[in-house]
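Protein chains: 2
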Amino acid sequence: MGALLTDLYELTMAAGFVAEGKHRATATFELFARRLPANRKFLVAAGLQQALEYLQAVRFTAEEIAYLRGLAQFAQAPEEFFTYLQQFRFTGDVFAVAEGTPMFPGEPLLTVRAPLVEAQIIETYLLSMVGFQTMIASKAARVVEAAKGRSVVEFGTRRAHSPQAGTLAARAAYIGGCTGTSNAEAGLLYGIPVYGTAAHSWVQSFSDEREAFRALQKLMGESTVHLIDTYDTLEGARRAAAVGMPMWGVRIDSGDLGGLASEVRKILDAAGLPEAKIMVSGDLTEQRVRALAEEAAPVDAMGVGTDLATSADAPNLSVVYKLAEIEDEGGKRYTFKKSAEKATLPGAKQVFRKKGGDVIGCSWECAGCGEVGPVEALLRPVMIRGQVVGALPAAAEAKQRAQRAIAALPEAVRSLDASDEVYPVSISEELRALDARVKA
Amino acid sequence: MGALLTDLYELTMAAGFVAEGKHRATATFELFARRLPANRKFLVAAGLQQALEYLQAVRFTAEEIAYLRGLAQFAQAPEEFFTYLQQFRFTGDVFAVAEGTPMFPGEPLLTVRAPLVEAQIIETYLLSMVGFQTMIASKAARVVEAAKGRSVVEFGTRRAHSPQAGTLAARAAYIGGCTGTSNAEAGLLYGIPVYGTAAHSWVQSFSDEREAFRALQKLMGESTVHLIDTYDTLEGARRAAAVGMPMWGVRIDSGDLGGLASEVRKILDAAGLPEAKIMVSGDLTEQRVRALAEEAAPVDAMGVGTDLATSADAPNLSVVYKLAEIEDEGGKRYTFKKSAEKATLPGAKQVFRKKGGDVIGCSWECAGCGEVGPVEALLRPVMIRGQVVGALPAAAEAKQRAQRAIAALPEAVRSLDASDEVYPVSISEELRALDARVKA
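Going down the list, the protein sequences come from chains A and B.
Mapping of the first sequence onto our numbering: position 401 corresponds to residue 491, and the numbering continues sequentially without gaps.
Mapping of the second sequence onto our numbering: position 416 corresponds to residue 506, and the numbering continues sequentially without gaps.
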């Protein structure tokens, strides 16, 4: 599975490491975000499960190896390299923070300790998988906060960056706090609640809107959500009300959603249907969700698609995967980069979380352990020698973790409003000393 | 394959259509972009090949059907529905514009004519696949235009919205004009040129940068690209120059790329290596590419990642899939939506391209055929009764088509500068008359 889904330079380097006899050196790489995206004050870690599934399954097929043999870049590669690819497995260790954990820039979400070539080849896939899901979970946390207790359902697969991205976005959005998704595959694969009833084409395929509503209710009973804006929203509401209970309620997908929801609420109440609910959708963004919640629009649920599944206001996350140390027969070296704006700290790290802030320290210390109050070391072993350690938590558990942890963040960090206040993350004295020693 | 990768409402509607005996009605849906994204004046169609591969392979597995049976939404679904899913195949017709064709809002990229339920179930996947690749090909066309003849290599898989999105982005970016990609899987799957040599970790894994450069050159010969900014870019350039030819050249991945490129050029020339080339990369955006090209920085190639593979300045495309007509024993009905800002025109359409602009007309007319000059009908049959018609053009052919067609666009449409000038797209008299008649 998918070993060729990587940047070519991982493979040319692999050939070089084999040629140089360096491929058995043990490398430690750390995956972290350099910066917070625009409009974010924290990240929500996600994507670990799919990263580990990949690490367990990753292989090169004979066709893939033949393809590489034919490329100019491998013309001088030693035969041993191609043999190596045939036998390639991921045999390393992985330490990671639990999915649903709020994280901050510079803090490793995941640490890989593996033979150098293995650790390189997996880089591209891990960055993309963990980076994408973390970005979406982080966006979802904001949209859910903006909705002030109203249900948010992820609706974005059709505008996601490929169908597979849609399924993964549904998972990450759920971890970030959404109630569920419209994506049926995500429902099956990840045990996420799924939602959906009918589109405009349902209404259009009947010559009469009332007939479309009656037919839907006959099929779906109390799960029924009538889509009422195909022709005229208020007339649609009256026609849906005329069908009567049982139904979940109605959905408005266009127009002035807040104003229409108020009018529709009156129509439903006047028809004696106060228990019929209102869902709104249609190019909803975090900002529009917030505005609807702040104007106290009578809306019970919101379907948010494009803005959520593409993290539209911040559509990428500056995740990187950097070599922290390398060890071979000659001993261990702590590695770092000095490149402008891309400098890194040397050595394998741990993230210590305690009341009042985080400390990034060396993996072997216990930063802050002597202080008052509990300290949690966030990076824990999840894979040893290529085997997953214990059962991975389900998406639902990651969601619960995120909800508890986000609620415990300082108000200014949790708030949607821009502020200069940042969550305190410091570097331990031991890590500072190592950095000074190594760079000297 | 992947039939469950759809929005749940497609499936609840499917159950309803089966229950109502409507599933054998023939529906025509059209896939088009409602609007141009920010900063775009045209789109480049892409994604057709993967859409057709999906349509040929789409099936429900027994596990997927069992999952649906267990959902509350299908509690009253007729048994016939589940039997239908077991036998589900796509048996319809598809008309599409060739990949690489410049397109404008409202113009169908793809038309599906199929039994109603089939046409619904495939909606979500088609929108996501065609919408995403079209978005990226359109972005790539701008980045390539900005580079003013310099090579642009797509580098974005690690920041793409999932690994699979990265592979598809590589394909679409190539169609939009890129020279190639760093994604090795895209190279194998789509026949795209692949590029890559070494990352910072290559240099870091040696205790001496010079040793790293010598080892790389020994392996890669004239394909060698030395990454020179791990510690000090100019010192790195001197060390690379000291290794001498053969090499392709050097890459600078951080700092003031234009200024450094000028200094590095001097170092290479002074060392008697005028044929050694310079590549730059590192958070390059369309704007930075343009600035480098405009300041005539001595740069031969640019690696563009995140900005390109996520279309960062416009990370989604307003693609929709709308019912245009439906036909059953009772005859044909032309369908439309009146929803605010989401109104559609009725009836199956054709896009006629001629010098001076496009005409969107009815599928059965030949708009503009009587006028002087050639007229091309862009939508052509690509699948008949579920079978692909003829060979699909390779990505390389789609790229060539795009390059020719973009070069033929009016200067103001091709230009990167904002302008009020829009490419002329009109509605034929026959389509206007149909719209008036149907909506009356």
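Just so you know, the hints here were simulated from the structure itself, not pulled from any lab data.
Fair warning: there could be bad hints in the mix.
Pairs involving identical chains hold if they fit within one copy or between any two copies, as the list cannot separate such chains.
Straight-line Cα separation of at most 25 Å, DSS-like style, residue types lysine-lysine; simulated pairs [what the hints assert, rightly or not]:
1. K367 to K529
2. K432 to K367
3. K428 to K356
4. K308 to K112
5. K428 to K112
6. K428 to K367
7. K308 to K444
8. K422 to K238
9. K529 to K422
Hint check:
In this assembly of identical chains, K367 and K529 lie within 25 Å of each other by CA distance neither inside one copy nor across copies; the values are 62 Å within and 31 Å between. In the homo-oligomer, the alpha carbons of K432 and K367 lie at most 25 Å apart only across protomers (24 Å), although the nearest pairing inside one protomer, at 51 Å, exceeds that limit. Taking the shortest alpha-carbon separations for K428 and K356, only the inter-copy value of 23 Å comes in at or below 25 Å, while the best intra-copy value is 64 Å. In this assembly of identical chains, K308 and K112 lie within 25 Å of each other by CA distance solely across copies; the values are 15 Å between and 68 Å within a copy.
When the C-alpha separation of K428 and K112 is checked against a cutoff of 25 Å, the pair qualifies only within one copy, where the shortest distance is 23 Å, while the shortest distance between copies is 66 Å. In this assembly of identical chains, K428 and K367 lie within 25 Å of each other by CA distance solely across copies; the values are 24 Å between and 57 Å within a copy. For the homomeric pair K308 and K444, neither the shortest alpha-carbon distance inside one copy (55 Å) nor that between copies (50 Å) is at most 25 Å. Taking the closest pair of Cα atoms, K422 and K238 never come within 25 Å of each other, the shortest separation being 51 Å inside a single copy and 46 Å across copies.
In this homomeric assembly, K529 and K422 come within 25 Å of each other (Cα to Cα) only inside a single copy, at 15 Å, whereas the closest approach across copies is 76 Å.
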